[in-house]
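Q: Each chain is listed here by its residues.
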Amino acid sequence: MKKRVFTIIVSFIMAFATCSVFAGCNVGANNSNPKPSQSETTYVKVLHYDAGYGRSYLEKTARAFEDAVKDVEYEPGKKGVYIDIEHSQTNTTGAGLLETLPSSPYDVFLSTGNDVETLKNSGYIMDISAILNGTSADANPVSPFLDATSIYDRMLADAKGTAVASDGKNYSLPIFLLSYHLYYDAQLVADRGLYIRNDSTDTQLNFTKDVSLAQLGVDGLPNTADDGLPETYAQFYLWLAKIEDSNITPIHYSGLYQQHMDFALQQFWADFEGRANVKGCYTFDGTVMSDLINVDSSGNVEYLEPTAITVENGYMVQKQEGRYRVMQLAKKLADSMGTSDKWIHNYAFSGSENHTEAQGTYVASKFSQKPIMMFADGSYWEAEATDKFKSFESRGGGKLNRKLAVLPIPKYSRDDVGTTSRATVIANCAQSMFMHKHVENATNKQAAIDFVAYFNKEDNMDMQHLESASMRPYNYEIDDEVSANMSHLLKDYYNLFTSDRTDVVLTFDTNDFYRANIDQLDLYYWVFYSQYRTTSDIKSYLSVKTFKENNSHENLVTAEDYFNGFYRYFTHRVTTGASTVWETMLAKIS
Amino acid sequence: MKTNNDTQKVNIFSRALAKVKGFFYDVKVKIHQKFGNKKPKTALSKNRKVKRRIFYYSIALLPILHYLIFYIGVNFNSIMLAFKKWEMVDGNMETVWGGAINFKSIFDNFVYGTELKDMLTNSLIYYVVGLIVGVPLALFFSFYIYKKYFFSEFFRIVLFLPSMISSVVTVFMYKYMIDHGLVDLAAEFGKEIMPPLSEPQFRRTFVILFNIIMSFGTNILMYASAMTRIPVSVVEYARLDGVKPFREFISITIPLVFDTLSTFLIVGISGIFTNQANIYTMFSNTADSTIAPLGYHLFLLTNMGTTETNFPYAAALGLIFTAVAIPLTFGLRWLLSKVNPDVQY
Numbered sequence: 026m027k028k029r030v031f032t033i034i035v036s037f038i039m040a041f042a043t044c045s046v047f048a049g050c051n052v053g054a055n056n057s058n059p060k061p062s063q064s065e066t067t068y069v070k071v072l073h074y075d076a077g078y079g080r081s082y083l084e085k086t087a088r089a090f091e092d093a094v095k096d097v098e099y100e101p102g103k104k105g106v107y108i109d110i111e112h113s114q115t116n117t118t119g120a121g122l123l124e125t126l127p128s129s130p131y132d133v134f135l136s137t138g139n140d141v142e143t144l145k146n147s148g149y150i151m152d153i154s155a156i157l158n159g160t161s162a163d164a165n166p167v168s169p170f171l172d173a174t175s176i177y178d179r180m181l182a183d184a185k186g187t188a189v190a191s192d193g194k195n196y197s198l199p200i201f202l203l204s205y206h207l208y209y210d211a212q213l214v215a216d217r218g219l220y221i222r223n224d225s226t227d228t229q230l231n232f233t234k235d236v237s238l239a240q241l242g243v244d245g246l247p248n249t250a251d252d253g254l255p256e257t258y259a260q261f262y263l264w265l266a267k268i269e270d271s272n273i274t275p276i277h278y279s280g281l282y283q284q285h286m287d288f289a290l291q292q293f294w295a296d297f298e299g300r301a302n303v304k305g306c307y308t309f310d311g312t313v314m315s316d317l318i319n320v321d322s323s324g325n326v327e328y329l330e331p332t333a334i335t336v337e338n339g340y341m342v343q344k345q346e347g348r349y350r351v352m353q354l355a356k357k358l359a360d361s362m363g364t365s366d367k368w369i370h371n372y373a374f375s376g377s378e379n380h381t382e383a384q385g386t387y388v389a390s391k392f393s394q395k396p397i398m399m400f401a402d403g404s405y406w407e408a409e410a411t412d413k414f415k416s417f418e419s420r421g422g423g424k425l426n427r428k429l430a431v432l433p434i435p436k437y438s439r440d441d442v443g444t445t446s447r448a449t450v451i452a453n454c455a456q457s458m459f460m461h462k463h464v465e466n467a468t469n470k471q472a473a474i475d476f477v478a479y480f481n482k483e484d485n486m487d488m489q490h491l492e493s494a495s496m497r498p499y500n501y502e503i504d505d506e507v508s509a510n511m512s513h514l515l516k517d518y519y520n521l522f523t524s525d526r527t528d529v530v531l532t533f534d535t536n537d538f539y540r541a542n543i544d545q546l547d548l549y550y551w552v553f554y555s556q557y558r559t560t561s562d563i564k565s566y567l568s569v570k571t572f573k574e575n576n577s578h579e580n581l582v583t584a585e586d587y588f589n590g591f592y593r594y595f596t597h598r599v600t601t602g603a604s605t606v607w608e609t610m611l612a613k614i615s
Numbered sequence: 076m077k078t079n080n081d082t083q084k085v086n087i088f089s090r091a092l093a094k095v096k097g098f099f100y101d102v103k104v105k106i107h108q109k110f111g112n113k114k115p116k117t118a119l120s121k122n123r124k125v126k127r128r129i130f131y132y133s134i135a136l137l138p139i140l141h142y143l144i145f146y147i148g149v150n151f152n153s154i155m156l157a158f159k160k161w162e163m164v165d166g167n168m169e170t171v172w173g174g175a176i177n178f179k180s181i182f183d184n185f186v187y188g189t190e191l192k193d194m195l196t197n198s199l200i201y202y203v204v205g206l207i208v209g210v211p212l213a214l215f216f217s218f219y220i221y222k223k224y225f226f227s228e229f230f231r232i233v234l235f236l237p238s239m240i241s242s243v244v245t246v247f248m249y250k251y252m253i254d255h256g257l258v259d260l261a262a263e264f265g266k267e268i269m270p271p272l273s274e275p276q277f278r279r280t281f282v283i284l285f286n287i288i289m290s291f292g293t294n295i296l297m298y299a300s301a302m303t304r305i306p307v308s309v310v311e312y313a314r315l316d317g318v319k320p321f322r323e324f325i326s327i328t329i330p331l332v333f334d335t336l337s338t339f340l341i342v343g344i345s346g347i348f349t350n351q352a353n354i355y356t357m358f359s360n361t362a363d364s365t366i367a368p369l370g371y372h373l374f375l376l377t378n379m380g381t382t383e384t385n386f387p388y389a390a391a392l393g394l395i396f397t398a399v400a401i402p403l404t405f406g407l408r409w410l411l412s413k414v415n416p417d418v419q420y
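Line by line, the protein sequences are chains A and B. Per the working numbering, residue 26 is the first one in the first sequence, and the count goes up by one each step. Per the working numbering, residue 76 is the first one in the second sequence, and the count goes up by one each step.
If you are wondering where the hints come from, they were derived from the structure by calculation, not from laboratory data. Note that the Cβ used here is the ideal one computed from N, Cα and C, for glycine as well. There may be inaccurate statements among the hints.
[Said to hold, decoys possible] In silico lysine-lysine, DSSO-like type, Cα no more than 30 Å apart, as pairs:
no., chain 1, residue 1, chain 2, residue 2
1, A, Lys27, B, Lys103
2, A, Lys28, B, Lys96
3, A, Lys415, A, Lys391
4, B, Lys179, A, Lys613
5, A, Lys415, A, Lys516
6, A, Lys395, A, Lys564
7, B, Lys266, A, Lys395
8, A, Lys28, A, Lys234
[Stated by the list, open to error] Away from chain A, derived, C-beta distances all over 12 Å, residues of chain B:
no., residue
9, Ile87
10, Arg90
11, Phe98
12, Ile134
13, Leu143
14, Phe158
15, Thr189
16, Arg231
17, Gly265
18, Pro320
19, Thr397
[What the hints assert, rightly or not] Covered by chain B, per the in silico footprint, the following chain A stretches (three or more residues, Cβ under 8 Å):
no., stretch
20, 152 to 166
21, 263 to 272
Could you build the full structure based on these sequences and the hints that come with them?
A: Below, the structure written as structure tokens:
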């Protein structure tokens, strides 16, 4: 009897345990609102790649759209629209998504991993040129939600390339920008009097608490965000030393994802090179580069003849002077770790410090005995650290209380500082929006088109920016209501990207060579990837880490070694007759 | 103490129960007599045989189909992938026949490069240390638990605990203990040290230590279970003969669990090429060839990047590992069969 009772109880427990497997299934629970009847309301099905941007930017826009069209009859007998969103990470990106297109029930996609050319070639994506290029002033606007300026015209210049396929038509449009930076605590600078005074030079810095007495910064203009900040690399090193002397840790980043620091250093490279040279690294369209150098082990620099960069000799971009100068900077950062005046937090090299831990360390440091000045991470980091900020709200350390900003990149040479200087920032478009071809003949076609147009209205972009903490690659204004809820960092980021003095370069292209080698031409392998030893094929994309770990006499890696390793990686032949990495890349389009 | 009344009540109850049971039994017999198969059993007709076979095959069909598609098919596809390469065809990236290009590339990288060699060295180090340190320690702890020495149950739980908890959690705890715990402990003594896992000279040591700790769980479970099968009479006989515990461990216990031990050793061979040593969990994709084993490299080839262009290379590498592991496995099996005392009990 006891045994039978025990058996029954165990059976129930096992059945319960088996059923608990389905606890993760959340069918139809993505939308908080109950779904209306499909016989009474027009449905537009949306597939959303649920990445780090969250869902609220899409959900809020969708609900607002539904409210705007609640009385519109898109289909006979049906009133209003319901945006049926599926948030998922399965088969929502790249090749996985493409495979589902033939039988996909979704009308609109917000996804990543497929460029406009790939989408066009799939044959399942609708031409949305009319939506992107239409305006409210058209004789027959394709949607009542179009603005006076077309979506395409409002795109940032470089972002337009993501929307145009080789046939000149538009098949997708970009949603967010993704970039990596060094962020700094502007309040800490002010509180500790770390503004560089206007009588400072590249060899001697004087400091002040009064920003009106500070130097003008890289842009040479008063009352701008870079006042009092380093204007040159030389000043940057002295500033870091001063910060450390003030019992502040200069820099921190994730030890588990140390590439964030290298990605942030890529902004220094981009700013040094300028728009044309950076873009030429991806277009291979014959851009002539005149700052290609050879560097010997003693650091003697020899300038090469100006070279037109094509796919045949694209590896030559690895000799850009900007890469060398940034490696010198990285080496200095790493060398400080061998002294008592470390410029980087210890845990930035610890694998136990993942990205959220690092964000927490940075956010919490404001209230510690040794705060941290700068943090390297992606542009989404503030949204990711929302919970960290929230825990300090009561102490005045919440997101809206903090005065964080993007560090303006100093110039390598004093000659480049001043009112004619321009900032160059690199970014990429993350997430794109496109429509399935079946919408062309669907009864809900107009509803889907209206939703896409509404989503990309200028008025909605500031809300989407706020909710996702990521900038949309368009020109748009931020209204007062949204601005009141925006952190200083978000506003600063927006100002940087929309400034007339900033060239935003998207690190991509749609030429065949780029598309065939996209995994080799990305942030990891195209900018600071080095085969830094002549006697070994060991490689690294973590310059600061490599310098730090190879700083003894026996295994020293210098900035020159690392720089020369960029070129070596793409041109080294392991043995006679073997292909170089570049030749292998070229072969994909031969 | 039972009274007459109680006894009477029990008798009435049991007689009533017996009557009810008897009634239902009679009903059952009558039903069987009326409807039961009265024909004598004969050999199955051909028709019935066919139906029976259809029934058996239909039950087996789904698992066989599953095996053919998800094992044979997938592995066949992987083997074919090793001979392909990615190329742009009509504007789209597609796999085309590449012949032995991937194998040649691997050969060149191995012979003329250093990274693959370094990773192979790391793989062998992790395996050998696990073999020389991990296995004896596991046997020792198993013996301790088997003999029920002081706190043996505590050791059984504590040593098996890492195997029950998710490896991501245990890695996280370990990293925190080492990189924060040791650092804070040193600070208590007025010394500032860098997080040990961030220092290249300590990194591999701590990785090996972690892997040894993690290997205890399953090993101890299996060895201890094997040891409990040893006949008690043998152990008692040894004890009566004055055999000390260490001698018993060496001369009796290990020979009697040798089958279990050799199974683990043989299976461990394939792990040389696939064992990541928890490197990815510890260091994400930032570990270089100074500590990364081949298993980690193989994982990164399929994990990193936004396209699948590394898959053919990874498939070829996997085939090469298989080609090396097969003779090694059979060789070790032959060797172990030679030294196996082959004791039956």
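Q: Can you confirm whether the C-alpha distance between Lys28 of chain A and Lys96 of chain B stays at or below 30 Å?
A: 23 Å, holds
Q: Check the non-interface label on Leu143 of chain B: least C-beta distance to chain A beyond 12 Å or not.
A: 22 Å, holds
Q: Is the Cβ of Gly265 of chain B farther than 12 Å from every Cβ of chain A?
A: Answer for Gly265 of chain B: holds, closest chain A Cβ roughly 14 Å.
Q: Please verify whether Lys179 of chain B and Lys613 of chain A have alpha carbons no more than 30 Å apart.
A: 17 Å, holds
Q: Say whether it holds or is violated: Phe158 of chain B keeps its Cβ farther than 12 Å from all Cβ of chain A.
A: 16 Å, holds
Q: Would you check the hint for Lys395 of chain A and Lys564 of chain A, treating anything up to 30 Å between C-alpha atoms as holding?
A: 35 Å, violated
Q: Would the pair Lys27 of chain A and Lys103 of chain B pass a check requiring their Cα atoms to be no farther apart than 30 Å?
A: Since the Cα atoms of Lys27 of chain A and Lys103 of chain B sit roughly 28 Å apart, the hinted pair holds (cutoff 30 Å).
Q: For Ile87 of chain B, which was marked as not at the interface, is the minimum beta-carbon distance to chain A over 12 Å?
A: 22 Å, holds
Q: Run the C-beta distances from Thr189 of chain B to all of chain A and say if the shortest one exceeds 12 Å.
A: Nearest chain A Cβ is 4 Å from Thr189 of chain B, so the label is violated.
Q: Hey, Lys415 of chain A versus Lys516 of chain A, does the alpha-carbon distance stay inside 30 Å?
A: Holds, at roughly 19 Å.
Q: At a Cβ distance under 8 Å, does chain B reach at least three residues of the stretch 263 to 272 of chain A?
A: Since 0 is below three, the answer is violated.
Q: Run the C-beta distances from Pro320 of chain B to all of chain A and say if the shortest one exceeds 12 Å.
A: 38 Å, holds
Checked against the numbered hints given earlier, the structure breaks hints 6, 8, 15, 20 and 21 and satisfies all the rest.
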